[in-house]
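Engineer: Got chain P sorted already, so can you dock chain W onto it with the hints?
2 protein chains.
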Amino acid sequence: MINNLNFEIISKDGIARNGLLHLNHGTIKTPAFMPVGTGGCVKAILKRDLEENGAQIILGNTLHLWMRPGMDIIQSHKGLHNFIQWQKPILTDSGGFQVFSLKELCKITEEGVKFASPINGSKLFLTPEKSIQIQSILNSDIVMIFDECTPYQIGSHIITMEEACDSMKLSLRWSKRSMDEFKRQENKNFIFGIVQGGFYENLREESINGLLDIGFNGYAIGGLSVGEPKEYLHQILEFISPKIPDNFPKYLMGVGTPEDIVNAVYNGVDMFDCVMPTRNARNGWLFTRYGNIKIKNSKYKNDLNNLDPTCDCYTCINFTRSYLHHLQITKEINASMLNTIHNLHFYLNMMNEIRESIHERKFDIWKKNFLEDRSSNI
Amino acid sequence: MINNLNFEIISKDGIARNGLLHLNHGTIKTPAFMPVGTGGCVKAILKRDLEENGAQIILGNTLHLWMRPGMDIIQSHKGLHNFIQWQKPILTDSGGFQVFSLKELCKITEEGVKFASPINGSKLFLTPEKSIQIQSILNSDIVMIFDECTPYQIGSHIITMEEACDSMKLSLRWSKRSMDEFKRQENKNFIFGIVQGGFYENLREESINGLLDIGFNGYAIGGLSVGEPKEYLHQILEFISPKIPDNFPKYLMGVGTPEDIVNAVYNGVDMFDCVMPTRNARNGWLFTRYGNIKIKNSKYKNDLNNLDPTCDCYTCINFTRSYLHHLQITKEINASMLNTIHNLHFYLNMMNEIRESIHERKFDIWKKNFLEDRSSNI
Numbered sequence: 001m002i003n004n005l006n007f008e009i010i011s012k013d014g015i016a017r018n019g020l021l022h023l024n025h026g027t028i029k030t031p032a033f034m035p036v037g038t039g040g041c042v043k044a045i046l047k048r049d050l051e052e053n054g055a056q057i058i059l060g061n062t063l064h065l066w067m068r069p070g071m072d073i074i075q076s077h078k079g080l081h082n083f084i085q086w087q088k089p090i091l092t093d094s095g096g097f098q099v100f101s102l103k104e105l106c107k108i109t110e111e112g113v114k115f116a117s118p119i120n121g122s123k124l125f126l127t128p129e130k131s132i133q134i135q136s137i138l139n140s141d142i143v144m145i146f147d148e149c150t151p152y153q154i155g156s157h158i159i160t161m162e163e164a165c166d167s168m169k170l171s172l173r174w175s176k177r178s179m180d181e182f183k184r185q186e187n188k189n190f191i192f193g194i195v196q197g198g199f200y201e202n203l204r205e206e207s208i209n210g211l212l213d214i215g216f217n218g219y220a221i222g223g224l225s226v227g228e229p230k231e232y233l234h235q236i237l238e239f240i241s242p243k244i245p246d247n248f249p250k251y252l253m254g255v256g257t258p259e260d261i262v263n264a265v266y267n268g269v270d271m272f273d274c275v276m277p278t279r280n281a282r283n284g285w286l287f288t289r290y291g292n293i294k295i296k297n298s299k300y301k302n303d304l305n306n307l308d309p310t311c312d313c314y315t316c317i318n319f320t321r322s323y324l325h326h327l328q329i330t331k332e333i334n335a336s337m338l339n340t341i342h343n344l345h346f347y348l349n350m351m352n353e354i355r356e357s358i359h360e361r362k363f364d365i366w367k368k369n370f371l372e373d374r375s376s377n378i
Numbered sequence: 001m002i003n004n005l006n007f008e009i010i011s012k013d014g015i016a017r018n019g020l021l022h023l024n025h026g027t028i029k030t031p032a033f034m035p036v037g038t039g040g041c042v043k044a045i046l047k048r049d050l051e052e053n054g055a056q057i058i059l060g061n062t063l064h065l066w067m068r069p070g071m072d073i074i075q076s077h078k079g080l081h082n083f084i085q086w087q088k089p090i091l092t093d094s095g096g097f098q099v100f101s102l103k104e105l106c107k108i109t110e111e112g113v114k115f116a117s118p119i120n121g122s123k124l125f126l127t128p129e130k131s132i133q134i135q136s137i138l139n140s141d142i143v144m145i146f147d148e149c150t151p152y153q154i155g156s157h158i159i160t161m162e163e164a165c166d167s168m169k170l171s172l173r174w175s176k177r178s179m180d181e182f183k184r185q186e187n188k189n190f191i192f193g194i195v196q197g198g199f200y201e202n203l204r205e206e207s208i209n210g211l212l213d214i215g216f217n218g219y220a221i222g223g224l225s226v227g228e229p230k231e232y233l234h235q236i237l238e239f240i241s242p243k244i245p246d247n248f249p250k251y252l253m254g255v256g257t258p259e260d261i262v263n264a265v266y267n268g269v270d271m272f273d274c275v276m277p278t279r280n281a282r283n284g285w286l287f288t289r290y291g292n293i294k295i296k297n298s299k300y301k302n303d304l305n306n307l308d309p310t311c312d313c314y315t316c317i318n319f320t321r322s323y324l325h326h327l328q329i330t331k332e333i334n335a336s337m338l339n340t341i342h343n344l345h346f347y348l349n350m351m352n353e354i355r356e357s358i359h360e361r362k363f364d365i366w367k368k369n370f371l372e373d374r375s376s377n378i
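Read top to bottom, the protein sequences are chains P and W.
Position 353 of the first sequence, counting from 1, maps to 353 under UniProt numbering, and the rest follow consecutively.
Position 96 of the second sequence, counting from 1, maps to 96 under UniProt numbering, and the rest follow consecutively.
I should point out that these hints are in silico values taken from the structure, not numbers from a laboratory.
A couple of the hints might just be wrong.
Same chains, same names: a pair is fine if it fits in one copy or spans any two.
Unchecked claim - Computed list of lysine to aspartate or glutamate pairs in EDC-like fashion (alpha-carbon distance at most 20 angstroms, straight line):
1. LYS78 / ASP303
2. LYS299 / ASP72
3. LYS367 / GLU238
4. LYS123 / GLU259
Bound-form chain P, shown alone (with noise of 0.2 angstroms):
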């Protein structure tokens, strides 16, 4: 038996909705989205400023955390939160993702993943079990599965229906796995299924019966925003989503751009996480509201207004775009910090609107405006 997750849906507006997940270690409003704190941080910022600008759960690395500090640095801190001093939920991956990454350097069989250590070159091995087990020495609030992310390409074709077919039955077996191992372990957060298939509607379909047959806390959409034509992605959204009951979390992963977040809320998802806002911000590539803005372009040089107009974040009320520019030409880590504040306030900002526009059911005015805008690069 695992525990029961609280999701309420408290209210709607078509299939966009608002909802409460309630976690051990808090509840969380959703739509949400979940910054990226792969090895023990949210790079580039304080949990302070994290927590000033709204997030209210972060996503941890299971590899990054196995391989650096090591679970025996997490146990004696009894966990990850207390070890990054993050006392709100933590979502970890199952490090599928990560390994796979690794393409070459990584052999599976189908009981788990021989590869290297790129930290060392030793050889470990990760399997559903030691995935599991790891995750909850972690103590994370939601558990994923290990599965096999299904690339769109290999080499220099794009995957078959075969090959994907394959890969989202071996992901099939390593979910029930992951179950067992989750509850040998009498692990009290929760767990995530993640459906995979490709770009297969059919496998798809498939893969989310055989993970519903299991019996998930909630189910995520994987294996999209791997290389594939923009297209593709709304169209196995659209698909899917309405596939996993209403009742679930649903959770689409490493997913994206403030484009490609708003219409997956409007296709009915609740949970994101991405890395680009913080790792653009260290590139210098800022959100906005009306458009992306590369701060290094010469011509914010001696532009002196601030970043974004409609934004109240501590980046935007003290500097100007002059500053901002000046910060990244001469690579100082200020950059990345005032930048990252930035772009993380952009986000989390984002879906405090899509929350309120959901509640007063003006999803759809609100989300043409914010795309108009976006849209209209000033």
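Structural biologist: Chain W in isolation, oriented as in the chain P frame:
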């Protein structure tokens, strides 16, 4: 005519003293430590955290700011305070120290210093007049005269008295030109002279007398911490500090360790700047009450203690040494951020304790305890 600087000495304990230095952007309590904000920011810390940790005044580097962003940008922001959004006092160096650190890439004449920009190789010419013009545009609360920082060694030989004398006399002529330009600019801020003369007491004395004849608002001791044996610092400091009349602020440039600062306060010094707390932070070298810690050391891997048991900074209140070790090992920007908060807090809190102990006429006891604690290396 230049404005009269209001520097009140409010209490004394031996030669050590507490003062109030009234500048155009606010009053600072001395003895004061000035965090270094080289190119428009104190690296890896937000101004909010600088203020929370008790920074009263920061230092900016004329040469860096002249090269980037350039004076047109600073002018359109109406000064450095607005550009970097630090509305408390700022002291700027004259650019001399940085130019001379380029060594063989710069050529000194009576008129000034020719050098190639380390950014783009373009030929630049810095003179006393130019330096003061730049600092006037920056609107620095305290402008430093342009001088030659006499080195301890040239090539393989320790600088001779003749060389040190020539250098000191050039600096005196440049000091006069700096003052003339400061007056020509009708600058409403304050200007400090810099005592040079290497490690020759007679030259140091000639230097301070020459500067006093010109008549500055305050006097800095330059040309120390330039690679000389430690005892020279103490010797020159003990010799020269009493030669600066007590009604002027005394500023020891570029110094130093906590122990150096405590010793200099004991010799009547009021102001300090040093990159040590910030630069060392980024390298994982942390100052604590009970000695210094290299956080990368594997003995901290599973150390569940806070960094400094006597410290109440954000870093020490929240995190274990184990976590800080992990961030440093994984080269996270967050390591630099948390370490910088702690090291600056350590320095600024030390200055607080110094001021309180002088006020209570217990500086000697405080100093003894502090130096004992520091050397205990628990």
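Engineer: All the hints need checking, so say for each whether the structure fits it.
Structural biologist: Verification of the supplied hints:
no. : hint            : result
1   : LYS78 / ASP303  : between (49 angstroms within a copy, 14 angstroms between copies)
2   : LYS299 / ASP72  : between (50 angstroms within a copy, 14 angstroms between copies)
3   : LYS367 / GLU238 : within (17 angstroms within a copy, 71 angstroms between copies)
4   : LYS123 / GLU259 : neither (40 angstroms within a copy, 48 angstroms between copies)
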